[in-house]
Amino acid sequence: MAMLNRMSVADQAINPEEMRATLVDRAAGAYASFEGWIRDNNDGHQVQRLEYEVYAPLAISEGERIIEGAIQKYSLLHARCVHRIGLLEIGECAVWVGVTSGHRDEAFRACRYIIDEVKHRLPIWKKEFYVNGDSGWVNCERCATHARGDFASV
Amino acid sequence: MAMLNRMSVADQAINPEEMRATLVDRAAGAYASFEGWIRDNNDGHQVQRLEYEVYAPLAISEGERIIEGAIQKYSLLHARCVHRIGLLEIGECAVWVGVTSGHRDEAFRACRYIIDEVKHRLPIWKKEFYVNGDSGWVNCERCATHARGDFASV
Amino acid sequence: MSKTLTIRYFAIFREHAGLSEETVSLEVETAGDVFELLHARHGAREAQGQCKVAINDQLADWQSPVRDGDTVLLFPPVAGG
Amino acid sequence: MSKTLTIRYFAIFREHAGLSEETVSLEVETAGDVFELLHARHGAREAQGQCKVAINDQLADWQSPVRDGDTVLLFPPVAGG
Numbered sequence: 000m001a002m003l004n005r006m007s008v009a010d011q012a013i014n015p016e017e018m019r020a021t022l023v024d025r026a027a028g029a030y031a032s033f034e035g036w037i038r039d040n041n042d043g044h045q046v047q048r049l050e051y052e053v054y055a056p057l058a059i060s061e062g063e064r065i066i067e068g069a070i071q072k073y074s075l076l077h078a079r080c081v082h083r084i085g086l087l088e089i090g091e092c093a094v095w096v097g098v099t100s101g102h103r104d105e106a107f108r109a110c111r112y113i114i115d116e117v118k119h120r121l122p123i124w125k126k127e128f129y130v131n132g133d134s135g136w137v138n139c140e141r142c143a144t145h146a147r148g149d150f151a152s153v
Numbered sequence: 000m001a002m003l004n005r006m007s008v009a010d011q012a013i014n015p016e017e018m019r020a021t022l023v024d025r026a027a028g029a030y031a032s033f034e035g036w037i038r039d040n041n042d043g044h045q046v047q048r049l050e051y052e053v054y055a056p057l058a059i060s061e062g063e064r065i066i067e068g069a070i071q072k073y074s075l076l077h078a079r080c081v082h083r084i085g086l087l088e089i090g091e092c093a094v095w096v097g098v099t100s101g102h103r104d105e106a107f108r109a110c111r112y113i114i115d116e117v118k119h120r121l122p123i124w125k126k127e128f129y130v131n132g133d134s135g136w137v138n139c140e141r142c143a144t145h146a147r148g149d150f151a152s153v
Numbered sequence: 000m001s002k003t004l005t006i007r008y009f010a011i012f013r014e015h016a017g018l019s020e021e022t023v024s025l026e027v028e029t030a031g032d033v034f035e036l037l038h039a040r041h042g043a044r045e046a047q048g049q050c051k052v053a054i055n056d057q058l059a060d061w062q063s064p065v066r067d068g069d070t071v072l073l074f075p076p077v078a079g080g
Numbered sequence: 000m001s002k003t004l005t006i007r008y009f010a011i012f013r014e015h016a017g018l019s020e021e022t023v024s025l026e027v028e029t030a031g032d033v034f035e036l037l038h039a040r041h042g043a044r045e046a047q048g049q050c051k052v053a054i055n056d057q058l059a060d061w062q063s064p065v066r067d068g069d070t071v072l073l074f075p076p077v078a079g080g
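Residue numbers (numbering that gives the first Met the number 0), protein chains in the order written: chain A, 0 to 153; chain B, 0 to 153; chain C, 0 to 80; chain D, 0 to 80.
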């Protein structure tokens with residue numbers, strides 16, 4: 000198999016099975032994965048679809064940095080993340096994270112770390128389109144407290 | 000699709016994609032899963048294969064109790080667990096846990112809770128077969144501290 | 000008064016006993032007393048505190064009484080996943 | 000001395016500006032000065048502390064100096080996943 004980037008962006012449906020297969024390792028005792036799905040409601044609004052805008056060059060380089068950091072910090076065997084771009088319907092997978100490690104504690108903690116960092120640090124924005132015809136860009140609620148620490152210090 | 004038990008035991012390969020599909024929900028924004036894989040080493044021994052013995056009636060009833068508890072505790076949409084039985088080779092999936100919820104915090108915490116409880120409370124034993132020809136039943140290292148609290152009180 | 004019990008052994012207990020099930024007639028009051036049988040007859044060395052017990056497919060504790068005709072399941076330390 | 004900069008706007012900033020990129024000649028020292036431009040010219044209201052900036056595809060902070068010919072990327076609050 001060709002070497003994939005550990006962080007990637009995709010304009011087509013994410014295939015979790017294919018991603019999982021890239022993490023296989025004889026020394027792996029634990030596999031943890033997380034997926035963010037498009038849900039039909041947010042903050043009391045009925046959501047019809049979402050549009051993701053990604054600035055890919057920095058999303059990828061910053062994502063690689065997050066994953067490399069997680070591999071070191073949690074002694075992982077492998078880790079990957081892929082984020083969708085474009086228009087997504089209810090139920091679609093917007094982001095996938097998967098990791099393998101010897102034991103489960105590291106796998107859980109690393110998977111959580113990666114998705115949290117990805118959500119705070121990557122240049123990715125989403126616009127919600129509501130059933131009632133309105134739309135709006137979703138602001139990260141926690142950016143006010145995170146922006147200086149996470150991002151400006153890079 | 001026929002209603003599956005939320006806790007099940009399987010004598011054939013676990014299919015994560017099939018399990019994942021049972022958790023789909025329009026209100027789900029987060030999907031977390033965990034898999035325990037057979038790794039090629041344990042405590043310094045080179046492992047060749049593992050045999051799982053499960054007392055199914057109690058594994059299933061106690062597993063259902065764990066999952067029902069997790070659904071309540073973490074306000075999950077859905078949760079399932081399946082555990083293998085019999086002889087497994089390196090790389091095979093021994094246990095799969097998956098949950099869906101509105102947001103990721105609950106999904107991660109519930110997935111972790113379920114696998115931890117499953118490992119401590121279910122009547123499941125594993126025998127390791129080593130490359131050097133030896134074999135041995137694996138004792139849960141933490142049972143001494145957990146047995147009274149988790150199990151005897153049920 | 001002696002009770003007729005079916006005892007089922009799992010994993011390493013089965014290997015200690017050399018059998019997976021036996022029906023015995025015993026003077027016992029509790030599940031803990033039955034556990035002692037395993038030690039006396041079959042040489043098991045696992046500490047009771049690390050083991051678990053079920054009576055008629057219900058998890059129980061070592062103080063639980065056993066009655067004539069019960070099936071007692073003796074579980075060595077678990078190691079799922 | 001005035002500098003020639005390419006400014007790129009993303010997501011809601013692009014909608015404020017009505018364009019995704021413009022080349023401007025400005026008397027500015029830092030990335031923070033460029034951010035002020037966005038407010039002054041295009042009516043953006045997002046707080047600087049919630050936004051991020053990159054210069055020539057490298058993440059930067061608001062105190063980072065900009066030089067003639069730089070491309071400055073202005074990022075509104077992120078919301079990945």
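Rather than coming from a laboratory, the hints here were simulated on the basis of the structure. Where hints are given, some of them may not hold.
Within a straight-line C-alpha distance of at most 20 Å, the following computed EDC-like cross-link-like pairs (lysine to aspartate or glutamate) qualify [claimed, not checked]: (1) Lys126(A) to Glu45(D); (2) Lys2(D) to Asp69(D); (3) Lys126(B) to Glu45(C); (4) Lys126(A) to Glu50(A); (5) Lys126(B) to Glu91(B); (6) Lys2(C) to Asp32(C); (7) Lys126(B) to Glu14(C); (8) Lys126(B) to Asp39(B); (9) Lys2(D) to Asp67(D); (10) Lys126(A) to Glu52(A); (11) Lys126(B) to Asp10(B); (12) Lys126(A) to Glu14(D).
Hint by hint, here is what the structure shows:
A distance of roughly 16 Å separates the Cα atoms of Lys126(A) and Glu45(D); the hinted pair therefore holds under the 20 Å criterion. Under the criterion of a C-alpha separation no larger than 20 Å, the hint pairing Lys2(D) with Asp69(D) is consistent with the structure, at around 9 Å. About 16 Å separates the Cα atoms of Lys126(B) and Glu45(C), which keeps this hinted pair within 20 Å; it holds. Taking the CA atoms of Lys126(A) and Glu50(A), the gap is near 5 Å; set against the 20 Å cutoff, the hint holds.
Restraint check: the Cα-Cα separation between Lys126(B) and Glu91(B) comes to about 15 Å, which is no more than 20 Å; the hinted pair holds. Simply put, Lys2(C) and Asp32(C) have alpha-carbon atoms about 12 Å apart, close enough for the 20 Å limit, and the pair holds. In summary, the hint linking Lys126(B) to Glu14(C) is supported, as the alpha carbons are separated by about 12 Å, within the 20 Å threshold. Our distance criterion of 20 Å between C-alpha atoms is met by Lys126(B) and Asp39(B), whose separation comes to about 14 Å.
Distance hint between Lys2(D) and Asp67(D) is fulfilled; the C-alpha atoms sit about 5 Å from each other, no more than 20 Å. At most 20 Å may separate the alpha-carbon atoms for a hinted pair to count; Lys126(A) and Glu52(A) meet this at roughly 8 Å. For the proposed pair Lys126(B) and Asp10(B), the alpha carbon gap of about 16 Å is at most 20 Å, so the pair holds. Taken as a hint, the Lys126(A) and Glu14(D) pair is honoured in the structure, with Cα atoms around 12 Å apart against an allowance of 20 Å.
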